[in-house]
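Novice: Please take these sequences and the hints and turn them into a complete structure.
Each protein sequence line maps, in turn, to chains D and Z. With numbering that gives the first Met the number 0 as the guide, the letters of the first sequence map in order to residues 0 to 578. With numbering that gives the first Met the number 0 as the guide, the letters of the second sequence map in order to residues 0 to 442.
Nothing false has been slipped in among the hints.
Under the rule of at most 25 angstroms between Cα atoms (straight-line distance), these lysine-lysine pairs were calculated in the PhoX-like manner:
hint: 1; chain 1: Z; residue 1: Lys140; chain 2: D; residue 2: Lys147
hint: 2; chain 1: Z; residue 1: Lys370; chain 2: Z; residue 2: Lys188
hint: 3; chain 1: Z; residue 1: Lys324; chain 2: Z; residue 2: Lys188
hint: 4; chain 1: Z; residue 1: Lys324; chain 2: Z; residue 2: Lys91
hint: 5; chain 1: Z; residue 1: Lys360; chain 2: Z; residue 2: Lys370
hint: 6; chain 1: D; residue 1: Lys149; chain 2: Z; residue 2: Lys140
Now the stretches of chain Z that chain D is said to cover, found in silico as 3 or more residues with beta-carbon under 8 angstroms:
hint: 7; stretch: 50-58
hint: 8; stretch: 212-218
hint: 9; stretch: 233-245
hint: 10; stretch: 416-426
Label-pair restraints from in silico Cβ distances:
hint: 11; chain 1: D; residue 1: Ile328; chain 2: Z; residue 2: Gly236; range: 20 to 26 angstroms
hint: 12; chain 1: D; residue 1: Phe281; chain 2: Z; residue 2: Gly92; range: 45 to 51 angstroms
hint: 13; chain 1: D; residue 1: Phe64; chain 2: Z; residue 2: Thr275; range: 54 to 60 angstroms
hint: 14; chain 1: D; residue 1: Arg74; chain 2: Z; residue 2: Asn48; range: 54 to 60 angstroms
hint: 15; chain 1: Z; residue 1: Pro294; chain 2: D; residue 2: Ile154; range: 51 to 57 angstroms
No lab work stands behind these hints, which were simulated from the structure alone. Glycine is no exception: its CB is placed at the ideal position from the N, C-alpha and C atoms.
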Amino acid sequence: MSDTSRPGSLADKLPSALFPRVSGLGMVALLIALLLIGLLIIPVLLVIYVAFQDPNTGALTLNNFQDFFGSSLFRESFWNSFYVSAMSVVVATIIALPLAYITTRFNFAGSMVIQSLGFIPLIMPPFVGAVAMQLIFGRNGTINLLLKEKFGVSIPFMDGLNGVILVQSIHYFPFILINLSTSLRNIDRSMEEAAQNLGSYGMRLFRRVVFPLAMPGYIAGAALVFIKVFDDLGTPLLLNVNNMLAPQAFLRISSIGISDPMGYVISFILVMFSIFSLWASFLFMRGKDYSTVQKGGGGLSKRDLRTHEKIMAYGVVAMILLAVLSPHIGLTLLSFATIWSYAPLPDGYTMQNFVTMWNSSGEYITNTVIYAGLAAVADIIIGTAIAYIVMRTKIFGRKALDYLATAALAVPGVVLGIGYLRLFHGMEVPFSGEPMASWWVIIALALMIRRLPYALRACTAALQQVSVSLEEAAENLGASKARTVKKIVVPLMTGGILAGFVTSFATAAVELSATIMLVSSDSDAPLAYGIYLFMQTPSGRGAGAALGLVAVLIVGLGTFLSQMVVERDKKYRMSGQEQ
Amino acid sequence: MNSYVRGTLAAALLATTSTMAMAADKVVVITSFPNSMTGPIEAAFEAANPGVDLEILNKKTSAGVKYIQELAGANTADVFWASAPDAFEVLKGDNLLATASVTSTGIPDTIGSYPINDPDGKYIGFAAAGYGIMWNERYLKGNDLEPAKEWSDLKNPEYHGHVGMSAPSRSGTTHLTVETLLQGEGWDKGWAEWKWIAGNFATVTERSFGVPDGVNTGNFGLGIVIDFFGFSSKASGFPVDFAYPTVTALVPANIAVVNEAPNGDGARAFIEYLLTPAGQEVLLDPAIMRLPVNPATYEAAPKGFPNPFAEGSTIGAAVEFDVFKSKARYNLVNSMFDVMITYRLDDLRSAVRAVQLAEAKHATGDNAEAKALIAEARALIEANPIDEAQSLDADFAATFTKKRKKVTDTVGERQAQVEQGWDTMVVENYRRAQELAEKAAAM
Chain D
0 MSDTSRPGSL
10 ADKLPSALFP
20 RVSGLGMVAL
30 LIALLLIGLL
40 IIPVLLVIYV
50 AFQDPNTGAL
60 TLNNFQDFFG
70 SSLFRESFWN
80 SFYVSAMSVV
90 VATIIALPLA
100 YITTRFNFAG
110 SMVIQSLGFI
120 PLIMPPFVGA
130 VAMQLIFGRN
140 GTINLLLKEK
150 FGVSIPFMDG
160 LNGVILVQSI
170 HYFPFILINL
180 STSLRNIDRS
190 MEEAAQNLGS
200 YGMRLFRRVV
210 FPLAMPGYIA
220 GAALVFIKVF
230 DDLGTPLLLN
240 VNNMLAPQAF
250 LRISSIGISD
260 PMGYVISFIL
270 VMFSIFSLWA
280 SFLFMRGKDY
290 STVQKGGGGL
300 SKRDLRTHEK
310 IMAYGVVAMI
320 LLAVLSPHIG
330 LTLLSFATIW
340 SYAPLPDGYT
350 MQNFVTMWNS
360 SGEYITNTVI
370 YAGLAAVADI
380 IIGTAIAYIV
390 MRTKIFGRKA
400 LDYLATAALA
410 VPGVVLGIGY
420 LRLFHGMEVP
430 FSGEPMASWW
440 VIIALALMIR
450 RLPYALRACT
460 AALQQVSVSL
470 EEAAENLGAS
480 KARTVKKIVV
490 PLMTGGILAG
500 FVTSFATAAV
510 ELSATIMLVS
520 SDSDAPLAYG
530 IYLFMQTPSG
540 RGAGAALGLV
550 AVLIVGLGTF
560 LSQMVVERDK
570 KYRMSGQEQ
Chain Z
0 MNSYVRGTLA
10 AALLATTSTM
20 AMAADKVVVI
30 TSFPNSMTGP
40 IEAAFEAANP
50 GVDLEILNKK
60 TSAGVKYIQE
70 LAGANTADVF
80 WASAPDAFEV
90 LKGDNLLATA
100 SVTSTGIPDT
110 IGSYPINDPD
120 GKYIGFAAAG
130 YGIMWNERYL
140 KGNDLEPAKE
150 WSDLKNPEYH
160 GHVGMSAPSR
170 SGTTHLTVET
180 LLQGEGWDKG
190 WAEWKWIAGN
200 FATVTERSFG
210 VPDGVNTGNF
220 GLGIVIDFFG
230 FSSKASGFPV
240 DFAYPTVTAL
250 VPANIAVVNE
260 APNGDGARAF
270 IEYLLTPAGQ
280 EVLLDPAIMR
290 LPVNPATYEA
300 APKGFPNPFA
310 EGSTIGAAVE
320 FDVFKSKARY
330 NLVNSMFDVM
340 ITYRLDDLRS
350 AVRAVQLAEA
360 KHATGDNAEA
370 KALIAEARAL
380 IEANPIDEAQ
390 SLDADFAATF
400 TKKRKKVTDT
410 VGERQAQVEQ
420 GWDTMVVENY
430 RRAQELAEKA
440 AAM
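Specialist: Below, the structure is given as structure tokens:
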């Protein structure tokens, strides 16, 4: 930060022709833009230009798009993807809203535990989640086998699109939970009190005052869920649902020999539609000032629950957590199981899986912590910078920066992976001379780009709730821009930034689709890849599950610790001890 | 940058990344085989060749091919090691494989009716595998079913919703199963057979391992799988079993030296080791269970292990697998399977179910009108968009292949157009077939 604290100091020493005068923030913006263009736009362009190429002549053409819209299968896939994404947002909201509300609105024992537990679904690699969900909810999973035995019926939880919606909502609802909770916590109590003074209470208070004030967080979360589900590959593939856009793109790109341009056309359409959804969510938020001057009001007033309310609240929370944690219950059972086949529970239990796993997975764990850690740190630094530039400066093209970073959401991991292989092909790493395409840093870079949007959303939502007048006050008192950012803005954003770090880290730790293209040797492989390897053999299922459990525990612990920091931070503010 | 600084940096890099293997002679192997198979082989090889470090890189066959294609020119891989001969053909066609030129003794030219090595010497067979039916004993017991022994048994109505298979476009090994039946039964009859079997599918899985996995967990009861999945699942303790049908092909699993391999000698040493009696015996490890290509190794095999070299063995003998025919229409067959079965599984399943119910109702009666309707419905389901001659037409097949050979080359239609035509046809046929069958059932 020492460079930016004296903006322009380097430029002063250089001839102005060589170094045109740009403010410190302008420089930062330019650097980020170059980074994003180099690591996101160029690799993606290297892949999707094929969409505009005539497969026969290599000439530029729009024929491929005509073919796309002319195909009933693709139109159906498009509709299915849309339907599944929308329904997942609905189901995810039903799961997240009560959890967020109860834990932030009431004095509720174990709020912190719920906030952490509620986050855990996000940190399970999608294919592991699907395996575990099949064991519990599948055609012949625990629940259906019991139902068949007792009542002779079965419920198709996991059939076709239903299965995708169920798995996706359980997997991605934390996006809504985490963003909504942060927003709810940051609401100024005086708003609520003013509404109460005017006679509003109960549902009306929630509907008219609390929820609208928490809107930035909710929309940020819901948009993320929608887009992630819209171009998620892993879940539909593992549930063998092919009639959706992302699987169609993947199936077409990754099959041997088939490089008909359709896969690339679909990638292009995925990118475009996701950008459109984001734009729509921005449009919705535009012109609404949600920031409140008096930060430090400590969020909504918490009240105690009456006994019967308490019972109800505990009941609701327990039921939701049971559903949401069912993949983890399945995973835990599997990791201790001997054989689990066509039975409600495993035949027997053993520790052998952990022994097998432990003997061969140390490297996977270290690699994962290094890659995901590097990626997440870079993400929150870049995310905070972009959020600040977009919302607090008038730098030309600042919106584009936001869109650029967010566009990473829309890029399927496989596309980014292939793009990186093409981009770094033939380049060498400075000093060591090994080929760039097989250097482990590339994996960390891919993870950084892919998880940047999460960090950015969280940082933006956090900044949205910091009033400009606080910064103006600091500047009026003589603080420089950089000092203001450092002493006022970032501390006020801590909760959001931390949420962004955890989201980026946790999801990067279990990412597979880009890494599977980029891993060039076993010793560079991250955890998700290790689980994938185990799960490819009949004898490795238990060991894979054991490794999955370790992943969940590591990231869960990290989440819990950061949650503690957020809570402590909040307490300081409420008691006015903050410096 | 002087060498001292460079050395220090390299040392620092080593210390941080925990890559320990720099000192040893490194052989990089790209493989689709699971680590339960590569592990024991790697251990045996490294024990026999101290100083050589085998670096195993696991990728799905298709991803492995893509990886080698993308790396061409700055290649870091030494060995490509996978099941599907087709994947090797693709790499060979792109000139990405070096001539293996390894020496071995005691290995015959063919296994079943399939040549073990590539005639041009670009890839070498080290083990064999055949396709068959795997089933979950508990599942079948729970649903009162008998194991299916032949492909045609899988068409029976009692298996409706109980069968699983992978798509040929997703798994090179499954492609071979599909092509084997097409060659064994003939194009039209073969496709009809597949559609009736597919009408009983519970699912089409995305990975080939999804099938044994589904059978192991009891998600579905029977699966069309490659033999070692069946053997190794059984060896891991799952309540499953496996059998070869009469019409099946034995095909070698292969290994090749990648063109311009950084360590070509190391690569050859590894391949030669695999072909020695010691290397072949590792294949009998309970977690691997592949058929060795050296007939002598079968003497060490456990009881009940199939031996294709034994006198009078029928495994793999029934089909004369034509690898050139297979290669000529590789992508086309994948595309047809996806259009007619994978992507339209729901339509196909409803149509087949309707026919099964109508047939059950009129099994004994002599309602000629109903029988005619059923026959018409069957013909609609079986109808193929193209005949065998067209499937082997090089110009038509070129629509489905990847590369333009020359800039001036043009192909009549685009793949998406062709597929849309097929899709319209099969969706309409399946719908009509269901309608007719339901009408017959109502009589």
